[in-house]
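Peer 1: Chain residues, written in single-letter form:
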Amino acid sequence: MPHRWGMTVDLDRCTGCGACVTACHAENNIAVVGDVQAAKSRAMHWIRVERYWEGDFPDVRLKFRPVMCQQCDAAPCEPVCPTYASHHTDEGLNAQVYNRCIGTRYCANACPYNVRFFDFYNPKWPRPLHLQLNPDVSVREVGVMEKCTFCVQRISAAEIDAKAEKRELKDGEIEPACVQSCSAKALVFGDLNDPESEVSRLSRSTRGAKLLEELGTLPKVTYLARQTQV
Amino acid sequence: MDRRDFIKLTAVTGAGATLASCGNPEHQLIRFVPDDDIVPGIAEFKPSVCPLCRAGCGLSVRVMDADVETVRNGQAGVVKMMVAKKLEGDPKNPISRGGLCPRGQAAIQITYHPDRLTHPMKRTGARGTGEYKEVTWDEAIAELTGQLNALADAKDQKSLVLLARPRRSRRLELFAEFLSRFGAPAPIGFELFAEDVLRRANAVSFGHEQLPTFDLARAHYVLAFGADFLGTWNSPVSQNAGYGVMRQGRQASGGTRARFVHVEPRMSLTAASADEFVPVKPGTEGVLALGLAHIILRNKLRPADAAGRAGAAIDGWSGGLQDFKPENVEKITGVSALRIERLAHELVEFRPSVAMIGGAPLAHTNGLFNALAVNALNGLLGAVDQPGGVFFTPGVGRSPATPHRPPATAPQSGADAGLAVKVMLIDDANSVFASPKAWKVREALDTVPFIASFGSFLDETSLYADLILPDHSFLETWVDSQPESGALDAVSTVAGPAMKPLHNTRSTPDVVIEIAGKLKSPVALPWKSYEEMLKAPVGSRESAASHQPPATAVKYQPPRFDGDAAGFPFHFLPYASQAFLDGSTAHLPWLQEMPDPLTSGMWSSWIEINPRTAERLGVALGDIVDITSSQGTLQAPVVVFPGIAEDVVAMPVGQGHENFTRYASKRGVNPIGILAPLTESETGALAWAATRVKITRAGGNDGRLILFAGEMRENPFEGRRQER
Amino acid sequence: MKEATAKRITDDLLRPLLHTSWRFFLLVAVLGGIVLMGGIAWMYQIWNGFGESGKRWPVFWGFYITNFVFWIGISHAGTLISAILRLVNAGWRRPVTRCAEVITAFALMIGAMFPIIHLGRPWLFFWLVPYPNQRLIWPNFRSPLVWDFFAISTYLTGSVLFLLLPMIPDFALVRDKTTGFRRKFYGALALGWQGTTKQWHRLESAMQIMAIAIIPVAVSVHTIVSFDFSMAPVPGWHSTIFGPYFVAGAIFSGIAALIIAMAALRKFLHLEDYLHPVHFENLGKLLLMMSLLWAYFVFAERLTTWYGNGTSEMNVFWATQDGGYSPLYWLMVVCNFVIPFPILSLRKLRTVTGCVIASCSVVVGMWLERFLIIVPTLSHKYLTYSWGSYRPGPPEIMIMISTFAAMGLLYTIFSKLVPIISIWELKVGEHPFPIETAAQVKEHAILRTNP
Ligand SMILES: Nc1nc2c(c(=O)[nH]1)N[C@H]1C(S)=C(S)[C@@H](COP(=O)(O)OP(=O)(O)OC[C@H]3O[C@@H](n4cnc5c(=O)[nH]c(N)nc54)[C@H](O)[C@@H]3O)O[C@H]1N2
Ligand code: SF4
Ligand code: SF4
Ligand code: SF4
Ligand code: SF4
Ligand code: SF4
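Residue numbers (my numbering), protein chains in the order written: chain A, 1 to 230; chain B, 1 to 724; chain C, 1 to 451.
Careful, some of the hints might be misleading.
[To be verified] Mimicking EDC-like on lysine to aspartate or glutamate, the simulated pairs with C-alpha atoms at most 16 Å apart in a straight line are: (1) A:K63 to B:E646; (2) C:K416 to C:D11; (3) B:K122 to B:D466; (4) B:K518 to B:E143; (5) B:K694 to B:E646; (6) A:K63 to B:D138; (7) B:K518 to B:D138; (8) B:K80 to B:D67; (9) B:K694 to B:D647; (10) C:K267 to C:D12; (11) B:K555 to B:D315; (12) B:K666 to A:D35; (13) A:K63 to B:D275; (14) B:K331 to B:D315; (15) A:K63 to B:E711.
Keep in mind that the hints were calculated from the coordinates and are not lab data.
Please read all numbers here as calculations on a predicted model, not as lab measurements.
Can you make the complete structure from the sequences, with help from the hints?
Peer 2: Dropping the structure here:
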């Protein structure tokens, strides 16, 4: 049975620390756009920690919600792409083929979660910052769309290793960079087709819900609600 | 000569060693053929230590081959070498436990920073202009040696001062050893958020002059006073790990979710995760703690003597803290008596409970009192050294550095102590940036005849240096950490270089060892290299547990503030920013572009103002205001912040560097600059939360504030939908 | 009114082809200069990066797609109106059809440029097209953008044919009236037209077939353009009303453009005798009807959104109703309804000038409508943390200006090369053969037998 990669985000564990955001940059060669472009909303954060205020001082609350590509099973970003640059893989991932993308940005409009980011310029890494680039991840050029891949490079590396060693992948063996960096262990990644996996177990939790579930996008990221009382 | 020998001959470096040992002819060659141990495209993981805060998280560095353009001994070329690609938390390290904070993730950019100093330099222009010329290591070392020789000749060794970031690492130990054998005073530890007050309080209350470790994983109730323990305070990564467990890690095995209450006037990143947010008047946190203790004592919920010496340190403890009746406490703190009663009962009911205090509550003139009060509460709750409570990591010695006090760097007050600073060494401390203007650090530095810096970057302080001997980055050299908190067991992390040096830099401890040996009357150090020192077993340390409780128990003194409430109506709360901590990481582009967790600000400074206050002042999001204290005025854009008291304004620390690489220079404003030089009354530590300011509108939104987020509420039109 | 003779018609309508004043060259130079600036702006954007446009997260479509929809909308004036008028055999259409059909052809060409200009990597635009390639990669036929390609190319082919067919007898006329280079040029364009019965018969039936076929194509084109939006699960877009709404809006703006073009031709080419106030009056009535229809659609769309009260839809609703985009929204209502409605409903105001004022207002209003469909929606998608705004960049503004100049330029050059009013149709219709030349006797005899 093919794998079906999914993630859970435990909002009761997430402290909004932002380590996942920086980790994703470090892992995936995401460009730093600089202040001028950031002021024009061109900053690219494949994962962002949304924060929402509720109430007014002093009865004020704040909630964090890390949002990355939800890897929708019925992804609205896929059918609209004229070139198949945004497409579905056998393992249920929404893959983005940068080379195939011509930059219509249609997918980004169709994505209800606004997790797709566009390269408005060629990325710059003043030397020797380029040495930090991860050779397992392609560097995107101007005019293409990019987004969270569930760190597909880590997935394939682990799959290749397991195949070479003629064994099954172990649950928890693959950790995307954000999952790996999260010290509160708010993020869990794994195979949803394995009912015993941690991510499957957590996805079945009564605290679980999908983001914008009502749109029928069938996301593979499950949010576990924050609890309010003991 | 076979091929293998050829490779050896042309190899510039051997595994693990440094480039420092030059002088051999083969070192003149650029190595075009890579080492045999490089497997192209295959990643290896090497240990290291995050250098960015005192937590000292253990790293696992992913290294891979790359072609590196570099200069070796004046010859430019491309070298194939293993370089760091990604920093991850070392899963086996008891502090990081596999995770990292965002700053730790970005630390790799120190090594690859385009503005890193790549070679030794000597000042050519006036101080502060940043005009330097490249010199050789021999020249640089000779220069510094000469300066020290001159001191020794004049029998003036006491005028050598080292200003260092007070990290629990053997690097500081080496410095201290050198200074003491040379005859100079102990290193001076300079750090803005130094937490000296808390160390002192812990010494008084518990006999441990060190920062505490919290057993969150087993705690059932956490009451935090100001401590941003999930963001920037103490050992955030280990605390996040514990937090995750206390929230959702225990249910599977039948445990319960812990409850968490946070007390502070501005909702911090940490308070955002709390079940209950208790706003309190600044500087009255200790009163609230004693108010809680009073109820516990009054109702005999806990034995009165449970607090032991921590209780004895508080005036009136034995009498049941009669001054801290809920009604009184309500008047002082603004927290309702009813709520105090409830919280006190919960603290006992849900035991194991633990209280923690850190950050702003300690940075008032009565900071020590606040800390002692919370310590006493912990004692009363039986939280000390108990599962789910507060611990002190064993094996941690007293810091070899003496805490920085304003006079220490100022020669004129140094003169009071019978010494004038003649030679100053700076190791990773930026006192110009992180001191109130009133301390006149610049003026003091100006009078020091010779300053040498080991820093990797030109910042406001190293700009005063006459000589710069840039260190390797933490990934290029031996590193270690003996964290004083964050784990229940003693931790010592030592790691070799994860990669070879990119530039013509040298390991500072090795430079110190070399200089010690080259002095006219050499200072004998027990180690030939830092590597040797780190590999040697740690000797017995002076115990941190040496303080006795003071003869007289402390009394509550209302916090003093600079500026009267009429002229300066707002408490000014600078806080350690999640991206930049105290500003020392503002040069890392990933952190500049990381949206602030609460405001989503990037690349900017801002001032957080309560919505009602903003309305009253006639300012909206992005509008520019003047923030004026008795010490000066800053201009910053407004962030309307629902989680802050009406009489408090807050500003993240970290921006406002005048000179700190292309990414941080001339960006935003530095709130430290306008702080009044008030100090904590017992310890002399800077009371950085004790300044009051006034706010006036200075202009409309000029685009200075860069935010990532659109809206701050999930349903901005909710009110209107309900009206309909 | 002067009595128009066939000779007069021929002379009047061929005059622009045969006599060229310096004003023409000046106009071409000015318009051409602006078009060139647009080209430079585009190259600048490609060279420096797409960031030179004002697009940003999350507003990934802006001026370019606004202009795309706008120009495709404008294109609905010509062919569609002309086809309908032909089918109902409205006699007053005769001087109007050609200048209307030209608008279609040019507006489509201009509109079709925008999806390419707006690409992040425009040099790869042909990946939208199903062309045979080594790696057997096809475009994704599920994507409305690929539907766009087929719809627009079909419509363009159809309307160019529809425009060209009735031009053949006029080309033959010019051929016969001229000598030298012109004779050769128009001779080639006339495709050997001799005016035989068979030829007239074929032309008539071809026109009849085209007129019937082009109407569904036109309707489908703008429906498909609306699908670019309504197929995406985006609040404010995902609506069944979008198809008819877009078609109605297209015709609305198209008629307005036609009125403006006719007034310009009338003035600059001195065609007062051919483009009568009654033409404007009739088109004005049509415009009035479309204005009412448009107002109805807007009302229906707003009402259902408001009544349904869906959270995310209401966010977009309020953003346009009284939020940051409301000034533009209410300006649109003024332009599309408040101004044209009184002008066009009062006969006294429904003059040539009145119609032109109303039309200008509608063109502006309909451009705003396209903008307001795209930008406020993308600014206010579901997760409010990701809300954003949009401001056009200099290349977007320059390119937009240059497309208006391009329209003027193409129109100017076209009216220099081709009789802008169909000479033979005019003769057949409004002025049935007053004085016949020898050649015309033959021609008209045939025409009479084929009414
Ligand atoms: N454009 C283009 N691409 C091609 C080809 C082509 O003709 N044109 N040819 C194809 C063919 S036939 C081949 S074989 C491949 C070759 O492709 P690669 O195997 O990538 O060959 P190189 O780039 O020659 O060498 C790879 C690296 O090995 C390093 N190296 C050299 N000696 C040693 C050593 O002793 N130890 C270690 N650890 N590293 C060493 C070099 O510095 C170099 O960086 O390229 C294929 N790709
Ligand atoms: S790293 Fe983990 S705790 Fe921190 S913001 Fe991301 S998900 Fe939340
Ligand atoms: S931007 Fe790229 S991925 Fe997105 S729809 Fe267009 S071609 Fe496809
Ligand atoms: S979250 Fe957005 S980008 Fe990701 S699969 Fe779903 S629609 Fe596509
Ligand atoms: S899974 Fe990988 S690509 Fe996606 S947000 Fe996490 S780190 Fe980024
Ligand atoms: S808490 Fe963060 S900055 Fe501090 S040592 Fe750990 S990873 Fe580094």
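Peer 1: Decide, hint by hint, whether the structure agrees.
Peer 2: Comparing the hints with the structure gives:
A hinted pair counts as satisfied when its Cα atoms are at most 16 Å apart, and K63 (chain A) with E646 (chain B) does not qualify at roughly 21 Å. With a CA separation close to 14 Å, the supplied pair K416 (chain C) and D11 (chain C) stays within the 16 Å bound. About 6 Å separates the Cα atoms of K122 (chain B) and D466 (chain B), which keeps this hinted pair within 16 Å; it holds. Among the hinted pairs, K518 (chain B) with E143 (chain B) is consistent with the structure: their alpha-carbon atoms are about 11 Å apart, no more than 16 Å.
The hinted pair formed by K694 (chain B) and E646 (chain B) meets the criterion: a straight-line CA distance of about 13 Å does not exceed 16 Å. Simply put, K63 (chain A) and D138 (chain B) have alpha-carbon atoms about 57 Å apart, too far for the 16 Å limit, and the pair is violated. A hinted pair counts as satisfied when its Cα atoms are at most 16 Å apart, and K518 (chain B) with D138 (chain B) qualifies at roughly 11 Å. For the hint linking K80 (chain B) to D67 (chain B), the alpha-carbon distance of about 5 Å falls within 16 Å, and the restraint holds.
Of the supplied pair hints, the one linking K694 (chain B) and D647 (chain B) holds, its CA atoms being roughly 10 Å apart against a limit of 16 Å. Distance restraint check for K267 (chain C) and D12 (chain C): the Cα-Cα separation of roughly 13 Å lies within the 16 Å cut-off, and the hinted pair is therefore satisfied. For the suggested pair K555 (chain B) and D315 (chain B), the alpha carbons sit about 5 Å apart, so the restraint of at most 16 Å is met. In summary, the hint linking K666 (chain B) to D35 (chain A) is supported, as the alpha carbons are separated by about 12 Å, within the 16 Å threshold.
For the suggested pair K63 (chain A) and D275 (chain B), the alpha carbons sit about 11 Å apart, so the restraint of at most 16 Å is met. A hinted pair counts as satisfied when its Cα atoms are at most 16 Å apart, and K331 (chain B) with D315 (chain B) does not qualify at roughly 20 Å. A threshold of 16 Å between alpha carbons decides the hint, and for K63 (chain A) with E711 (chain B) the separation of about 13 Å falls inside it, so the pair holds.
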